[in-house]
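**Student:** Residue numbers (the working numbering), protein chains in the order written: chain A, 232 to 458; chain B, 13 to 268.
It should be emphasised that the hints constitute simulated quantities derived from the structure, not laboratory data. The model shown is predicted, which means the values in this text are computed figures rather than measured ones. Do not rely on the hints blindly, as some may be mistaken.
As the list claims (entries may be wrong) - Label-pair restraints from in silico Cβ distances:
(1) A:S239 / B:P47: 52 to 58 Å
(2) A:N293 / B:E98: 18 to 24 Å
(3) B:P104 / A:K266: 45 to 51 Å
(4) A:E445 / B:D248: 41 to 47 Å
(5) B:L192 / A:P254: 53 to 59 Å
(6) A:K286 / B:E263: 46 to 52 Å
(7) B:P101 / A:E305: 32 to 38 Å
(8) A:N293 / B:P97: 23 to 29 Å
(9) B:F76 / A:S371: 32 to 38 Å
(10) A:T303 / B:D182: 50 to 56 Å
(11) B:Y19 / A:K337: 24 to 30 Å
(12) B:L267 / A:E445: 47 to 53 Å
(13) B:A49 / A:R313: 25 to 31 Å
(14) B:K266 / A:T303: 41 to 47 Å
For every residue, glycine included, the Cβ atom is placed at its ideal position computed from N, Cα and C.
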Amino acid sequence: MKRADGRSAGELRPITIKAGVIPNANGSAMVAMGKTIAVAAVYGPRYLHPRFKQKYEKALLNTVYMMVPFSTSERVRPGPSRRSHEICKVTREALENVVCLEEYPKAVIDVYINIIQANAGTRTAGINAASVALADAGISMKDLVASAAAGKIGDEYVLDLAGKEEEETDCDVPVAYVPGQDKISLLQMDGKLPPEDVEKVIRTAIEGCKQIYEKQKEALRERWVQK
Amino acid sequence: MIIKNQYIAGLANKGQRDDSRRLDEFREIRIEVNPIANAEGSARVCIGKTDVIVGVKLSVGEPFPDKPDEGVLISNAELSPMAHPEFEPGPPSEAAIELARVVDRGIRESHAIDVKKLCMKAGEKVWMVNIDTQVMNHDGNLIDASSLAATVALRNVQMPRYDEKTEKIDIEKKTGALPLKDSPIAVTIYKIGSKLVVDPTYAEEQASTARLTVSTTEDRQIAALQKGGIEPLSLDEIRECFRLSMEKGKEIRKLI
């Protein structure tokens with residue numbers, strides 16, 4: 232099957248990852264998956280205000296996902312929406328397990344994710360960027376988290392939906408994957424499909440995550456390893 | 013609290029629970045149909061001490077430009093400070109937004125409502141279905157209770173009459189049921205200790221490290237998924253969640 236952009240079913244969009252793109256931040260990264268571009272910046276670990284929010288046993292991970300107003304063809308109203316609230320929550324939960332928060336009690340680690348251009352798969356691009364940005368900030372982590380979406384169009388299981396494919400697919404399943412544990416830290420699904428097919432869609436997404444994981448490590452090496 | 017969580021996780025690892033239920037056993041589910049006279053359809057669902065009311069109100073409005081011939085579904089959830097000491101007044105919390113969106117997703121993605129039949133004039137006038145969830149008392153498993161209440165409320169909607177001339181809705185005059193195609197049931201599987209558990213109490217929820225909500229349809233398909241909690245799940249666990257929620261969904265569907 233040839234897809235609208237010429238890819239095969241199990242192929243990712245061209246992906247570029249660059250670490251260290253925001254000089255002011257402690258860590259940052261830009262991830263472009265096809266035409267979707269996410270930038271993540273990490274500030275912290277730093278002092279958490281107000282103090283009653285502090286946790287004595289670990290740091291607070293604060294993730295803020297935002298689509299900038301010019302990121303889509305129809306202008307996005309600035310400020311948080313119900314959708315972005317939910318994405319902040321699932322992004323935090325996707326990342327929290329790999330960050331060694333117990334090493335930074337009472338502190339906060341702020342992760343700001345801006346989607347500057349959207350063409351499907353913004354939450355997965357955001358998680359990919361956030362994960363590299365956290366590592367770039369030198370924060371203790373057990374692993375990176377890689378994320379990709381998959382779906383089913385006709386009889387084909389397709390990886391990394393783009394553009395109009397989001398409307399054609401029977402389902403849209405964003406997955407975040409922790410390679411070291413072979414486990415899934417984000418799983419959502421819109422659509423309707425028998426359970427066996429859902430599992431195949433998840434497997435398709437995992438294959439994509441494994442490729443992204445390599446690109447993430449490459450980006451960190453590029454920034455931090457002397458040639 | 014940490015000691016209590018460890019106690020609950022320890023019990024789960026042995027296949028036991030504090031209230032002596034099996035790991036895959038729900039508390040008693042009670043359903044009251046149309047308790048609210050002023051809602052076009054409503055349901056109150058109690059699962060153990062968890063108590064949720066869903067009311068469906070219909071209004072008339074403009075369709076979305078990309079779907080000019082379809083009715084609109086709007087979901088909202090209120091975690092009232094009345095229902096739990098942890099809930100605070102003010103704008104909806106992350107938890108309330110997630111609850112509303114998960115309930116919405118199950119109904120939307122299963123195509124439970126035949127939205128094409130809710131179009132009065134394409135591009136101009138359609139029925140808007142407002143699903144409002146009001147949590148009365150929170151003792152865990154709000155997602156399943158709210159989803160069930162929403163499904164039951166939708167099945168019991170009596171459409172009001174709409175007067176084209178005065179552009180007013182008369183809820184006293186009923187014109188029949190809402191056009192429905194499916195009755196989705198959401199079942200959330202929680203991971204406590206190393207075990208998968210259904211229908212946790214509030215205390216069990218606190219001890220759980222991950223959850224996966226699976227909405228299933230009458231023809232045994234999955235219509236929506238939502239993972240929560242910070243612990244990642246393996247593919248084997250996810251497969252088991254699918255099986256469990258399918259099985260429990262079938263049991264719950266007999267009650268409606």
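**Student:** Confirm or reject each hint.
**Tutor:** Structure-based check of all given hints:
{"no.": "1", "hint": "A:S239 / B:P47: 52 to 58 Å", "result": "holds (54 Å)"}
{"no.": "2", "hint": "A:N293 / B:E98: 18 to 24 Å", "result": "holds (19 Å)"}
{"no.": "3", "hint": "B:P104 / A:K266: 45 to 51 Å", "result": "violated (32 Å)"}
{"no.": "4", "hint": "A:E445 / B:D248: 41 to 47 Å", "result": "violated (25 Å)"}
{"no.": "5", "hint": "B:L192 / A:P254: 53 to 59 Å", "result": "holds (56 Å)"}
{"no.": "6", "hint": "A:K286 / B:E263: 46 to 52 Å", "result": "violated (39 Å)"}
{"no.": "7", "hint": "B:P101 / A:E305: 32 to 38 Å", "result": "holds (34 Å)"}
{"no.": "8", "hint": "A:N293 / B:P97: 23 to 29 Å", "result": "holds (24 Å)"}
{"no.": "9", "hint": "B:F76 / A:S371: 32 to 38 Å", "result": "violated (45 Å)"}
{"no.": "10", "hint": "A:T303 / B:D182: 50 to 56 Å", "result": "violated (40 Å)"}
{"no.": "11", "hint": "B:Y19 / A:K337: 24 to 30 Å", "result": "holds (27 Å)"}
{"no.": "12", "hint": "B:L267 / A:E445: 47 to 53 Å", "result": "holds (49 Å)"}
{"no.": "13", "hint": "B:A49 / A:R313: 25 to 31 Å", "result": "holds (30 Å)"}
{"no.": "14", "hint": "B:K266 / A:T303: 41 to 47 Å", "result": "holds (44 Å)"}
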